[in-house]
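Throw the hints in and build the complete structure from the sequences for me.
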Amino acid sequence: MGRVATPLSDRKIKLAKPKDKVYRLSDGNGLMLEVKPNGNKVWRVRYIFEKKAKMYTIGDYPTILFG
Numbered sequence: 000m001g002r003v004a005t006p007l008s009d010r011k012i013k014l015a016k017p018k019d020k021v022y023r024l025s026d027g028n029g030l031m032l033e034v035k036p037n038g039n040k041v042w043r044v045r046y047i048f049e050k051k052a053k054m055y056t057i058g059d060y061p062t063i064l065f066g
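The sequence shown begins at 0 in numbering that gives the first Met the number 0 and counts up one residue at a time.
It is worth saying that the hints were derived from the structure and are not from the lab. Note that beta-carbon positions come from the ideal geometry of N, C-alpha and C, so glycine has one too. Hints are not guaranteed to be accurate.
Under the rule of at most 30 Å between Cα atoms (straight-line distance), these lysine-lysine pairs were calculated in the BS3-like manner [stated by the list, open to error]:
1. Lys20 x Lys40
2. Lys11 x Lys35
3. Lys20 x Lys50
4. Lys18 x Lys53
5. Lys13 x Lys35
6. Lys53 x Lys11
7. Lys40 x Lys51
What follows is a list of derived Cβ distance ranges for each label pair [as the list claims (entries may be wrong)]:
8. Arg10 x Glu49: 33 to 43 Å
9. Pro17 x Glu49: 15 to 25 Å
10. Lys20 x Asp59: 14 to 24 Å
11. Lys50 x Lys11: 29 to 39 Å
12. Gly38 x Ser8: 17 to 27 Å
13. Lys16 x Lys50: 30 to 40 Å
14. Thr56 x Lys16: 13 to 23 Å
15. Asp19 x Glu49: 31 to 41 Å
16. Leu14 x Glu49: 35 to 45 Å
17. Arg10 x Phe48: 29 to 39 Å
18. Leu14 x Lys51: 30 to 40 Å
19. Arg10 x Lys50: 31 to 41 Å
20. Leu64 x Lys16: 32 to 42 Å
Next up, the structure:
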């Protein structure tokens, strides 16, 4: 059974502070926000193609907003 992710709110995203290493906040169904050490935040989606896990970058936050 997979993990259940709590949908990300704009407030939760704004409060996400950079750390020493890249980390990800999951929104569910493969959608995630990657927070980089320099403070940049990028939307990415994880998917399976030909039995291999792939990652696609959608765009920067806040340029791309989901809601």
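Here is how each hint holds up against the structure:
no. : hint                      : in the structure
1   : Lys20 x Lys40             : holds, 13 Å
2   : Lys11 x Lys35             : holds, 16 Å
3   : Lys20 x Lys50             : holds, 28 Å
4   : Lys18 x Lys53             : holds, 24 Å
5   : Lys13 x Lys35             : holds, 13 Å
6   : Lys53 x Lys11             : holds, 26 Å
7   : Lys40 x Lys51             : holds, 25 Å
8   : Arg10 x Glu49: 33 to 43 Å : holds, 38 Å
9   : Pro17 x Glu49: 15 to 25 Å : violated, 34 Å
10  : Lys20 x Asp59: 14 to 24 Å : holds, 19 Å
11  : Lys50 x Lys11: 29 to 39 Å : holds, 33 Å
12  : Gly38 x Ser8: 17 to 27 Å  : holds, 19 Å
13  : Lys16 x Lys50: 30 to 40 Å : holds, 36 Å
14  : Thr56 x Lys16: 13 to 23 Å : holds, 21 Å
15  : Asp19 x Glu49: 31 to 41 Å : holds, 34 Å
16  : Leu14 x Glu49: 35 to 45 Å : holds, 37 Å
17  : Arg10 x Phe48: 29 to 39 Å : holds, 33 Å
18  : Leu14 x Lys51: 30 to 40 Å : holds, 34 Å
19  : Arg10 x Lys50: 31 to 41 Å : holds, 38 Å
20  : Leu64 x Lys16: 32 to 42 Å : violated, 19 Å
The structure is inconsistent with the numbered hints 9, 20, although it conforms to all the rest.
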